[in-house]
Structure formats: structure tokens, C-alpha cells
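Asks: Sequence:
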Amino acid sequence: MKKTLILAIASLFTLAVVAQTKPEDALKVNEVKHDFGKIKAGTPVSYYFELTNITDKPIVVENTRASCGCTTPEKPTEPIMPGKTGKVKVIYNAAAVAPFTKDVYVKIAGIQQEMIMHITGEVLSADAYEQYVKAKDSKPNN
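So the sequence shown is numbered by the numbering used here: it starts at 17 and just counts up by one.
Check before you lean on any hint, since a few could be wrong.
To be verified - Label pairs and their calculated CB-CB ranges:
hint, residue 1, residue 2, range
1, 154, 48, 30 to 40 Å
2, 109, 38, 26 to 36 Å
3, 154, 38, 46 to 56 Å
4, 109, 47, 13 to 23 Å
5, 151, 38, 35 to 45 Å
6, 73, 113, 42 to 52 Å
7, 146, 115, 14 to 24 Å
Said to hold, decoys possible - Pairs of lysine-lysine residues, derived as DSS-like cross-links and limited to a Cα-Cα distance of at most 25 Å, are as follows:
hint, residue 1, residue 2
8, 152, 54
9, 105, 118
10, 123, 44
11, 49, 38
12, 44, 91
13, 38, 118
14, 105, 38
15, 38, 54
16, 91, 38
17, 38, 123
18, 103, 123
Hints listed in this document are in silico derivations from the structure and should not be mistaken for laboratory results. Please read all numbers here as calculations on a predicted model, not as lab measurements. Note that CB positions come from ideal geometry on N, CA and C, so glycine has one too.
When you get a sec, could you build the whole thing from the sequences and use the hints?
Replies: In C-alpha cells, the structure reads:
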């Protein structure tokens, strides 16, 4: 009975430690914030956040979600093996003309806290984007 109680307490302690692990302790991300800069309205853009497994065990990305329906994250389909890199593709639809900041949440199996990454940029109307490109192209390179 005493042995069973000790085993049960040890198991609970292990679960508590795993639940308190932070995503940063398991994965290294190439950047937590990506700036698309100025983009043309109606032209979707995408970016791959690269997640490198810094543990000695495979990591499974259970789920990805975004702070807005205008942003679609796609999780890796396979576990990320130790020392290897997986990618989370993020697509922003660029439908609304305005500056934007959106959050992308990544849920890792066995870790309660989600990893958060951000995308930013400014969507310009077709005319404003054309003017921006012309002005940018006419500047001399220094």
C-alpha cells in the first residue's frame, strides 16, 4: 500500500512538472514576429515559422489557431524529431485595407501553455500599393 501511494505521488509530481513546461523549453522558433511590410489588398501572403525541436524526444504540434479568421495557420503533419525543424505555415488573406497585427497560437502535446507568434504589416489599396512600389523603385540605392 505504501509503495502504491509513493508511486501515485511520484506520477502526479511528474505530470505537474510536464504541465508546467514552457513551449520555449521544447522548441526554438526562427522568429516570433514576422513583418510582411506593405502588401496589396486582395493578395494573400504567407510565411513559414520554423520550429526546431531542442529536446531529446519527438514533439507533436496538436493544434494551431489564429486570433482572426483572416489568418490561417497550418500545423506540421508529422512529429518534429529531436534536432529537426518543422514548419507552421501562416496565410494572411489581406482582404481589409489597414495596418494589421495578428496572433498565431501553437499547441504542443504535453505542454499546457501555447506558443504565440505574431504577424504584422499594412494592407494598401491597389492604387496606394502601386504608388508605394513606384516611389520605392525610384529611390536610389545607397
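Asks: Would you mind marking each hint as holding or not holding in the structure?
Replies: Against the structure, the hints:
1. Distance hint for residue 154 and residue 48: a CB-CB separation of about 34 Å, consistent with the stated range 30 to 40 Å.
2. Between residue 109 and residue 38 the C-beta distance comes to about 31 Å, which sits within the given range of 26 to 36 Å.
3. Roughly 47 Å separates the CB atoms of residue 154 and residue 38, a value that falls within the hinted 46 to 56 Å.
4. A hinted range of 13 to 23 Å holds for the C-beta pair residue 109 and residue 47, which are about 21 Å apart.
5. At roughly 44 Å, the beta carbons of residue 151 and residue 38 sit within the given window of 35 to 45 Å.
6. Judged by the Cβ atoms, the range 42 to 52 Å given for residue 73 and residue 113 holds: they are separated by roughly 45 Å.
7. Evaluation of the 14 to 24 Å hint for residue 146 and residue 115 yields a pass: the beta carbon distance comes to about 19 Å.
8. As the CA atoms of residue 152 and residue 54 are separated by approximately 11 Å, the hinted pair is consistent with the 25 Å bound.
9. Between the alpha carbons of residue 105 and residue 118 the distance comes to roughly 14 Å, so the proposed pair stays at or under 25 Å and holds.
10. With a C-alpha separation of about 14 Å, the suggested pairing of residue 123 with residue 44 holds against the 25 Å cut-off.
11. For the hint pairing residue 49 with residue 38, the CA-to-CA distance comes to about 18 Å; that is within 25 Å, so the pair holds.
12. Distance check on the hinted pair: residue 44 and residue 91 sit about 16 Å apart at the alpha-carbon level, within 25 Å; holds.
13. As the CA atoms of residue 38 and residue 118 are separated by approximately 21 Å, the hinted pair is consistent with the 25 Å bound.
14. Straight-line distance between C-alpha atoms of residue 105 and residue 38 comes to about 22 Å, which keeps the hinted pair within the 25 Å bound.
15. Only pairs whose Cα atoms come within 25 Å are accepted, and residue 38 paired with residue 54 is rejected, the gap being roughly 33 Å.
16. Distance check on the hinted pair: residue 91 and residue 38 sit about 19 Å apart at the alpha-carbon level, within 25 Å; holds.
17. Distance check on the hinted pair: residue 38 and residue 123 sit about 11 Å apart at the alpha-carbon level, within 25 Å; holds.
18. Annotation: proposed proximity of residue 103 to residue 123 holds, straight-line Cα distance about 13 Å (limit 25 Å).
The structure is inconsistent with hint 15 alone, although it conforms to all the rest.
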